[in-house]
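Quick mapping for you: the protein sequence lines, in order, are chains R and E. Going by the working numbering, the letters in the first sequence line up with residues 1 to 354, in that order. Going by the working numbering, the letters in the second sequence line up with residues 1 to 308, in that order.
There may be inaccurate statements among the hints.
[Unchecked claim] Okay, the calculated bits of chain E under chain R, using three or more residues with CB under 8 Å as the criterion: (1) 31-41; (2) 82-90; (3) 157-167; (4) 261-275.
[As the list claims (entries may be wrong)] Output of the computed footprint for chain E on chain R, the stretches with three or more beta carbons under 8 Å from beta carbons of chain E: (5) 108-114; (6) 139-146; (7) 275-282.
[What the hints assert, rightly or not] As a list, the in silico DSSO-like pairs of lysine-lysine whose alpha-carbon atoms are at most 30 Å apart: (8) R/336 / R/208; (9) R/61 / R/90; (10) R/61 / R/336; (11) R/278 / E/141; (12) E/11 / R/336; (13) R/278 / E/166; (14) E/11 / E/141; (15) R/90 / R/57; (16) E/227 / E/279; (17) R/278 / R/336; (18) R/336 / E/166.
Hints listed in this document are in silico derivations from the structure and should not be mistaken for laboratory results. All of these numbers come straight from a predicted model, not from anything done at the bench. No residue lacks a Cβ here, since even glycine has one placed at the ideal position from N, Cα and C.
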Amino acid sequence: MADRTRLPYADPANWARTKATPGALRDFTTHDYIPGQPIPTWVKDPETGLVTVNELKKYVKPFWLTTDPDPITLAAGELSDWIPMVIDGKGHFEIFDAFFVSQRAEGFTVELFDPGNQGRERPILMNREVHVATIASGGGVTLPLTGALPVASSPGRPFRWPQSFFMNVVSGTGAIMARFRNLNTTQTNQIRFVLSGRRWYHLQAPWKIANRMEEIFREGARTFPYFFTTDQFVSLTALGTSSPVLRFGDDAFVEWSKGMVVSTGNFTVRIIETATQKRLMELPVRQDLAFGNGEFPFLMWEEALFEPNYQLTFELTDLSNATNVIWITLGCRKIKVDPKELETIRPGTSPGRP
Amino acid sequence: MSFASFVRVPKRDPSGNVIFGADGRPIEGLAVNPIKPHVRGYWLADPNNATLVLAASGGANQAGAVGELNFLIDYQGHFDWASIVGVSTGAFLLEFFDPGSQRRLQNRPVHSNCIVGVGARQFRLPEPYFFNIGDAQRQLKCYLRDLSGAQNTVRLNLIGRRIYHKEAPPDIALDLERMFGYGSRTYAYFLVPNETANDGTVTSVVGNGTASFTFESDASADTEVQKLMVASTGAFSFTLRERATNRLLMPNTVHSQNGWGNAEFPFYWADTYLLERQKQVLMDVTDLSGETNFIYPVMAARRLQMIP
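Only chain R is shown next, with the shape it has when bound in the complex (with noise of 0.2 Å):
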């Protein structure tokens, strides 16, 4: 029990190297780990008040994923088979970032899903391929005042998927299956596609250490990401207008937090939900107003919540005169509930009571 409840920093051995650390009387977190953030490198063991460093740092590097083979080269219109993107089984791996090239300026589309969790629940991330552009950085952006902002400089804005998602290199495969469409359809294309995050590499790790990593993933086991587009492929004729809806799915609550979108040409968009007949917006708002892209998605200052089988309908009406091609992408997190835990609220319980 003891061994349980106490931190596996705590080791009395670093205690002695604390009292050299610059700082070390001023504040620092006492918690090792904080969900969505860095690891602390430097912890304040609670019991001592003494900083030191933390032990679970030592056993967590950074990590890129990458396609095998890298890079690939997709045929004009081209739809690639499963390609895997493996890691060994050295650790976990947890992903936060996406990066992408694509030799060609219409990009390409993906599909990911992780084998090694189909049969609990999480088998894929998007209901529908999406535009890389969408779910990665790598295109460029160009702004209204701040203008063009090039490829070079794309990896210094990472597209920060909505919720890290977690790899058990245990109990999986160890590998995300991808798919890749070309959407140029005259060229050939040749891509990359890399997923960015940390190692977690628990197999090396002191059994203590092993066992907090573990803990860890456990926590992290009911949300991951997810990205929904519209239930259908999307062309809007010159000037013409199309209502498509997306549903999310009927296995979690679904978490909105970034809207994405790729088109050829602009449109006004207006979101309706489609049960309720709530309306987002009044008037139907330009895209680049509702939307943002990879490198800056538009973040949703108020997250929305779904609960399973909602449905939103978009009425899209073309700007360009022309055929516009539009891919929106909504960056999502699903948060699985588990049945027995699902507590009525009664009064007294809201958090906003005061």
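Chain E: place on chain R using the hints.
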């Protein structure tokens, strides 16, 4: 901060009593935040003007044709305004006026490049502006003046969240009312130099010349400045100095690109700056472009108004 979607709450038995574990602590369960389903992101627009066309008049950097947008917030629920986005064919000046509280949100018209972003880089208000709709709709008026000297087509949207308290169960509605009742004590405010004319026209700085601008927190409220934005036709250097103490915020002049951003990438101080009521900050500028320079600096702030 957005509302958490899920919260941990103590489990209760059918009688509503908290269930305690063997260690004497309440046993917790994960539950949907009951408030969250009644809050949604929202894009606000003038219901009669998806786009507004300002006629060509004046000239470049001259306050020209005026247009008006009326943002109506219907009675379905409160609106918490968080950011400004828009696209236009040229620069313009804008002024916000809240008739419900008889409150202007700036002391002079503000240049669009300083406070109008796009979806990818929204301009966040320093403080969300809360519209309590009560039992009737609320309104926000926005007056626009062309600065481009040519016909100017403007789309402007305000982004925030709607709080649909009226359709919520009574206890949740009560919670929401209590939470947001305090929202009107502080509010977003844009501080523009006193030297700016009431129509937004600025006095240009001659090539390589100097000028002095005065930012003043008036007598009605303290002002907490959070970020700095500027639109100008050329580079300049500047110093900032507190008039009351003669304290400089830098030992020497600083280039405009090192101290002022724009609506998409504002400049943030390391810490917010409190400009107490009736205090002034002087901005001494020197043109570096060698040509006539129209400079529109804006400090985005929030006002702290004491309500007895």
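Here is how each hint holds up against the structure:
Interface restraint, the segment 31-41 of chain E with chain R: holds (10 residues with C-beta to C-beta distance below 8 Å; minimum three). With 5 residues having a Cβ less than 8 Å from any Cβ of chain R, the segment 82-90 of chain E passes the three-residue criterion, so the hint holds. Against chain R, the segment 157-167 of chain E contributes 5 residues with a C-beta closer than 8 Å to a partner C-beta. That satisfies the three-residue criterion, and the hint holds. Closer than 8 Å: that is the beta-carbon criterion, and the segment 261-275 of chain E has 4 residues meeting it against chain R, so the requirement of 3 holds.
A stretch counts as covered by a chain when three or more of its residues have a beta carbon under 8 Å from one of that chain; for the segment 108-114 of chain R and chain E the count is 0, and the coverage is violated. Residue count for the segment 139-146 of chain R with a Cβ under 8 Å from a Cβ of chain E: 5. That meets the three needed, and the coverage hint holds. Interface restraint, the segment 275-282 of chain R with chain E: holds (4 residues with C-beta to C-beta distance below 8 Å; minimum three). For the given pair, residue 336 of chain R sits about 28 Å from residue 208 of chain R by alpha-carbon distance, which is consistent with the 30 Å threshold.
For the proposed pair residue 61 of chain R and residue 90 of chain R, the alpha carbon gap of about 12 Å is at most 30 Å, so the pair holds. Restraint check: the Cα-Cα separation between residue 61 of chain R and residue 336 of chain R comes to about 28 Å, which is no more than 30 Å; the hinted pair holds. Only pairs whose Cα atoms come within 30 Å are accepted, and residue 278 of chain R paired with residue 141 of chain E is accepted, the gap being roughly 24 Å. A C-alpha spacing of about 18 Å is found between residue 11 of chain E and residue 336 of chain R, which places the hinted pair at or below 30 Å, so the restraint holds.
Pair hint residue 278 of chain R plus residue 166 of chain E holds up; C-alpha atoms about 14 Å apart against a cutoff of 30 Å. Annotation: proposed proximity of residue 11 of chain E to residue 141 of chain E is violated, straight-line Cα distance about 48 Å (limit 30 Å). A threshold of 30 Å between alpha carbons decides the hint, and for residue 90 of chain R with residue 57 of chain R the separation of about 16 Å falls inside it, so the pair holds. This hinted pair checks out: residue 227 of chain E and residue 279 of chain E have alpha carbons roughly 18 Å apart, not beyond 30 Å.
Distance hint between residue 278 of chain R and residue 336 of chain R is fulfilled; the C-alpha atoms sit about 25 Å from each other, no more than 30 Å. Taking the CA atoms of residue 336 of chain R and residue 166 of chain E, the gap is about 29 Å. The hint holds against a cut of 30 Å.
Checked against the numbered hints above, the structure breaks hints 5 and 14 and satisfies the rest.
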